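Protein chains: 4
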Amino acid sequence: MRLSPSAAGLYPIAPTPFFPDGRLDEASLDTLIEGYLKAGATGVTVLGIMGEAPKLEPEEAILIAQRFIEGFGDRPVIVGVSAPGFAAMRSLSHAVMERGASGVMIAPPPHLRTDDQIVGYYAQAIEAIGPDIPFVIQDYPLTLSVQMTPAVIRRIVMDNPSSVMLKHEDWPGLEKISTLRAFQAEGSMRPISILTGNGGLFLDFEMERGADGAMTGYAFPEMLARVVALQRAGSRDAAHDLFDAHLPLLRYEQQQGVGLAVRKYVLMRRGLIACDAQRRPGTSLTAAARAEVDYLLTRLAMKDPLARL
Amino acid sequence: MRLSPSAAGLYPIAPTPFFPDGRLDEASLDTLIEGYLKAGATGVTVLGIMGEAPKLEPEEAILIAQRFIEGFGDRPVIVGVSAPGFAAMRSLSHAVMERGASGVMIAPPPHLRTDDQIVGYYAQAIEAIGPDIPFVIQDYPLTLSVQMTPAVIRRIVMDNPSSVMLKHEDWPGLEKISTLRAFQAEGSMRPISILTGNGGLFLDFEMERGADGAMTGYAFPEMLARVVALQRAGSRDAAHDLFDAHLPLLRYEQQQGVGLAVRKYVLMRRGLIACDAQRRPGTSLTAAARAEVDYLLTRLAMKDPLARL
Amino acid sequence: MRLSPSAAGLYPIAPTPFFPDGRLDEASLDTLIEGYLKAGATGVTVLGIMGEAPKLEPEEAILIAQRFIEGFGDRPVIVGVSAPGFAAMRSLSHAVMERGASGVMIAPPPHLRTDDQIVGYYAQAIEAIGPDIPFVIQDYPLTLSVQMTPAVIRRIVMDNPSSVMLKHEDWPGLEKISTLRAFQAEGSMRPISILTGNGGLFLDFEMERGADGAMTGYAFPEMLARVVALQRAGSRDAAHDLFDAHLPLLRYEQQQGVGLAVRKYVLMRRGLIACDAQRRPGTSLTAAARAEVDYLLTRLAMKDPLARL
Amino acid sequence: MRLSPSAAGLYPIAPTPFFPDGRLDEASLDTLIEGYLKAGATGVTVLGIMGEAPKLEPEEAILIAQRFIEGFGDRPVIVGVSAPGFAAMRSLSHAVMERGASGVMIAPPPHLRTDDQIVGYYAQAIEAIGPDIPFVIQDYPLTLSVQMTPAVIRRIVMDNPSSVMLKHEDWPGLEKISTLRAFQAEGSMRPISILTGNGGLFLDFEMERGADGAMTGYAFPEMLARVVALQRAGSRDAAHDLFDAHLPLLRYEQQQGVGLAVRKYVLMRRGLIACDAQRRPGTSLTAAARAEVDYLLTRLAMKDPLARL
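Chains as they are written, first to last, in the working numbering: chain A, 4 to 312; chain B, 4 to 312; chain C, 4 to 312; chain D, 4 to 312.
What the hints contain is simulated information worked out from the structure, not anything from laboratory work.
Here the structure is a predicted model, which means the values were calculated and not measured.
Do not take every clue at face value.
Calculated cross-link-like contacts (lysine-lysine; reagent style DSS-like; alpha-carbon spacing at most 25 Å) [what the hints assert, rightly or not]:
#1 Lys306/C x Lys41/C
#2 Lys306/A x Lys41/A
#3 Lys306/B x Lys306/A
#4 Lys306/D x Lys41/D
#5 Lys41/B x Lys306/B
#6 Lys306/D x Lys306/C
Please model the complete structure; the sequences and the hints are all you need to start from.
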């Protein structure tokens, strides 16, 4: 099933589970997949920044993608294929599409500055992977240091028919969603799916601004799925109530540099992965930080019964 | 009263109130001061980044500082004196100290990279303003793009006896507080006051890691004062309960680039300033954003009666 | 005399002479002006980055501008008015225009990233200073970290009738000149003057690409004036011969961070200023570096008799 | 033969030759090797930034390294092994050392800021590749945006016995060489080899400050070899005369972003590679730029007979 502009719901960004010695933990891939499906994931995104993709060998990357594709059955799997060279981007894209991926995600390299550089980069990338693979534009200025205006995103969308989705991760970013939806309303941009990132820190309002769902790695994906569903059902207050209950932990998890360590720790405590290790170079939590997360988990469990460990 | 390493509590970062045409709104300085005192401010910091200091004429800067010094009586007023040249830094420092300021705050210029550059910059700055003026080190990598390790902060503290306080605004930054307090415990750094920024986003845990209080501009300073007081009194759960009630709004306010507009809007709605305008170049809120803040205010009022407008 | 799009020739960027204790050296302003006039300067630019403008008090800035305006008689003086706030930009612009300046130069602040941000900034700046003051767009990505495409420059030019000149300091930048001149040829951009910077490192070819002259601070401005004149007269080989003779020193001078120290040292050795000090924070040359510059001066004097000290 | 701290002379940085369709041009590897040996190369460095290393497939990288190792016989080949993850760095390092490489070169990733981060990164990298592989520290702030002070380099050298060489590419960087040599003289740092980059733009003086040779890709490596030899023989004026003759072209080649295109074009014109294409994403020269390089080549041939095509 190919990714389409009508995609919506929850696409968790999957971390890659490792053993403490750095080896890939394949068994945890299965528990993770099971956890995501139970949590209500519509699809999933693998090999993103949070997936420690640049640290993987090419064959490991393909193995991980394949495992998720099998595990997710007919639900779409998006594969991050960002790479310094187009040769690697093309070979990974083709490898995973042949194995059943639904689309690929492409981030702009950090040195791009001007509007034309960004638009030109996507033109070259799509020329490299071919015009038939649905792709996601990743807009993540805080980490990638590339700033795309709504008009630049529109140019990429209108230039490339295979562009079907925006992973929206600008910060602040609420006005960007409104502007893009206004482009669609006035007919200057064809419709695309917008899924939001940033750890979910503004998911409550992003849905109200017109997002179609979430694509992020918060360690309680069931909350993301429920907030998306509540907002789509028009239950605004209930969506905010649920979101607010998780916000103290979510905020703690959404720290640059430390976030992945927190996320893996919570996923480990939840039993979704066996070990919270990162492949090197990585970070780990101090005892003080773990105790803080434990405290937040205890408090969360009192507010959201589904979050009890 | 000179600022000392034992300073603690709440030092709000004051915005500068303007009229829509860009003129300084002096009357609002008085309502703002009154509001801070009522909220439980121990002191105040003026002419910081949030105070739009670089847009002020030199005589305006002095006027604002003087007004706060008068209004705060015997409570300490810290004045931001960061400037591209040491001549301007010295003249402003001397002008405000003569008028009764308690100390000055110095941010490193954005081009500094290496440890030695940072330490050397502070040495030159203190040589410029003189060794008798108590000063605050401002550590704010997200905006200033200067990264100070705990060891660099220790070098600045140990090299400069007039260094009495750290405005801690690293992100993530909890471990930095722990490390600095460990330096003090082992005797390798003399004690300094640590007040935390970042809009208060981690104030709940920062107090537990050893912070002495808050120095930030969240538009409900009474919450900051109460969380600081509760944590100092050992009432951990109560501190977190109060903090969590405010977190949805606080998170909304703590957005780069937009934050000051949100903050001024809330202060205006609370009656602490007459108008939420920024001097140009500035930003303003869309109608959608104002409605979102209004919604957050309504929800907050249900959880914290003191936050009712 | 107002700056116009037909401006051409040499506009040296003037450094600001200081005494070792940091005081402004007014007498050296006069010897510097005399030197520039003798060297064949068509005009001059003061209070630029190389002029240590951010370290000056407002009244010093006006004094320096006035001195140059008087000294240059009917030749145009351009004044750098870049400032963090528009209030300061406006007041300095008006002060110097009233005193007889020919135009102002505006650099974009370092945080601008997208095309729209840059265009919008110039719109706001011109609104602030008024539409009647001829202004120069400063395009200097290496130092300012703002990248303007030719299309962005065209937008600024076409949006603002008072935009008359580009200080071209992109690196690499030869294609940018060709593209802008092609815009003019096809009628999509009205003609502007293009003067080039970067210490003159590509002046030889910049003239061939369509530049109108040089605006930079190389310490032998007579070489810049002669290369511009030779190229305008069609004497390509002679222009390159002269340029190549100076290139070893020019290359040495055009080092980020150190360049101003080299430049002031050579100007001091030439007798154009009394002292090579910079106001703090600044840099100075080691003995080894001074010896290297002396060696380069000796070698230069053998190739260009006019460069003998 | 393992790389040692006594390495000296010329180690050209080799580009990777491609066909216009992006395929690796293996035959040109042989002509390039032959050209380097004829030019007087002491050794060679492959898979550096200029070698478009991030665009290569892992098997291509090994093939290129192997070809150079065979072609260079008993002269040392250094292989760039910088990678986002340590797994890839280790596997490439081991693969090339087994095939006869003399050492590896490691650049710091762009996000490193503080002294401790940089030192810690090298500690982790050496732990990953093992303590037995001689390695080169690559210090290239302009492109990598990581600034290493001399003291940081000393820490890396003293912490890691397998550190034998510095590829010095700071700009400006002359004082750095002097400081490092002073460290050695005072006994606080053990001796290392220092080879300099930056396209050779300061090679004339770098040798006088204590560099052991050049490691850069200027398209006339024989000039680099001769300047190094002349300076080592004490023929200062002759070294500068030769250097100055090449400086106009060298300066043109040493442009960020465009430099590789110029370099490949000159190497193609010299017959060292068959085609000046870059693998995508890459840049190419306009007709105007090619004509400028041709003009510079003509002028150079008049000054240096060995540079005749």
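Against the structure, the hints:
no.: 1; hint: Lys306/C x Lys41/C; verdict: 20 Å, holds
no.: 2; hint: Lys306/A x Lys41/A; verdict: 20 Å, holds
no.: 3; hint: Lys306/B x Lys306/A; verdict: 14 Å, holds
no.: 4; hint: Lys306/D x Lys41/D; verdict: 20 Å, holds
no.: 5; hint: Lys41/B x Lys306/B; verdict: 20 Å, holds
no.: 6; hint: Lys306/D x Lys306/C; verdict: 14 Å, holds
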